[in-house]
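Enquirer: Protein sequences appear in the order of chains Z and B. Just so you know, we're using the numbering used here here: the first sequence kicks off at 1 and counts up by one. Just so you know, we're using the numbering used here here: the second sequence kicks off at 1 and counts up by one.
Treat the hints as calculated values from the structure; they're not laboratory data.
Just a few of them, taken from the derived set where beta-carbon distance is under 8 Å, the chain B residues facing chain Z:
id	residue
1	GLY21
2	ARG23
3	GLY30
4	ALA92
For each residue, glycine too, the CB sits at the ideal point set by N, CA and C.
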Amino acid sequence: MTNDASGVDHRPLGLLAELTHRCPLSCPYCSNPTRYGPVAEELSGDEWRRVFEEAGELGVLHVLLSGGEPLLRADLADLVMSARRAGLYTNLITSGLGLTPRRAEGLREAGLDSVQISLQADEQGTADRIAGMPAHAAKLRAARLVRELGLPLTINVVIHRHNIDRVESIIQLAESLGAHRLELANVQFYGWAFRNRDGLLPTVAQIDRAESIAAEAGTRLKGRMTILYVRPDYFGDRPKACMSGWSRRYLTVDPVGDVLPCPTAREIPGLRFDNVRHRSLDRIWAESDAFNRFRGTGWMPEPCQSCDRREVDFGGCRCQAALLTGDASATDPACSLSPHRDLLERAVRSAGPDAQPLVYREGPGRTGAARGGRDARTC
Amino acid sequence: MSPADDPPPPHPSSRPLLAVGVRIQSDRHGGGMVLLYPEGVLRLNQTGADILSLCDGRRSIDEILAVLAETYDAQAQDFARDVIEFLNLLHARQFIRFTPGGLS
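Input sequences plus hints: build the corresponding full structure.
Expert: And the structure:
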């Protein structure tokens, strides 16, 4: 055993606070779980305040106020203030829907440090089709509002087969909005996105082209706008260092207070999660079954166990291993050394130009009854 | 990286300032100072923290060098290059911006 013996050698640096799973959008790649807890049981403002205080004491420096759509929490400005008082850097991760000038001003006054707005594409038709509702215009207004208030703006666009050929125009749009940073986030296949994998996977040629456009723009815009583009693990040789290692740097608290080592950890059958209503965050970080299951390197099978990269990529992603192989402690099939690598290569090979119908996210908080999220639609 | 890609040195009268969304605070868990920005954390050593605490948008680079010379009891020309290199590095990562000097 290396890190495992004493329990915890690392402090967490980042807290993902999923304030609600309610959301007006129904993106077919949503990273939220495909099942939701009851809305009535969402943590109260007082409970979140305690979570932020305990996180600060544990060493956390950053909080991502996310969801679902966090603006659906009427007490969001109070939550920002609580997080700032706990010494945390506050990032709002939002669709932008519901960000009125008045709310934006209130959030800034509460001490909000930074805003990330998601866009689905560069133009309204594609964007609204992916979001499952007319949202694009409101998102652009929200982005401009963030810049007018002088807050740093990150634009995040989940990239998949239906918008990857528009990367050049997406970069231009982010630039024109005055974004400080653009995340071209290749879709990762968990939850809803895994259900829609055949309809979302780009081809190798699409990935290569987007990569070179992003690299060229990154050089051109250096010092003005940072562009993040990471080659997705389905198209690489080595797995991503998921979460910088299980239970090493990050923790997630979901809307009802369950504490997860990563936001998609529910993909792993049999993990038990503790809840902030019953235990303190430092005890959960150190003692929770879910956190200790894959902490360190002791759990690793071969070829990870004797690999000189075992503390570089930490065996890749546990959720992906569980989803693809049925065994959460297997080597991530994204690694070319994995005996299950073929599972992933077959999926990439079969990605073609034919549009597959997408299943749109259903969940709490969607408005507009006409949107028919139950239907499989062609994007 | 070709020499043409190197950033031009900031003018000695320009006044560095932390960019929007960047904060410096003490790290109550690990000790020392950290620079916080939208995507992460940069741990600062004492010298780095000293330099950044002077980047208030009012002091010019020349004035910052003079304060550091006094603090460390050293000649500014002996460390000016290192300080400017550090500032350029932070500028390339959008942690600071340079406001033109000459105005007040």
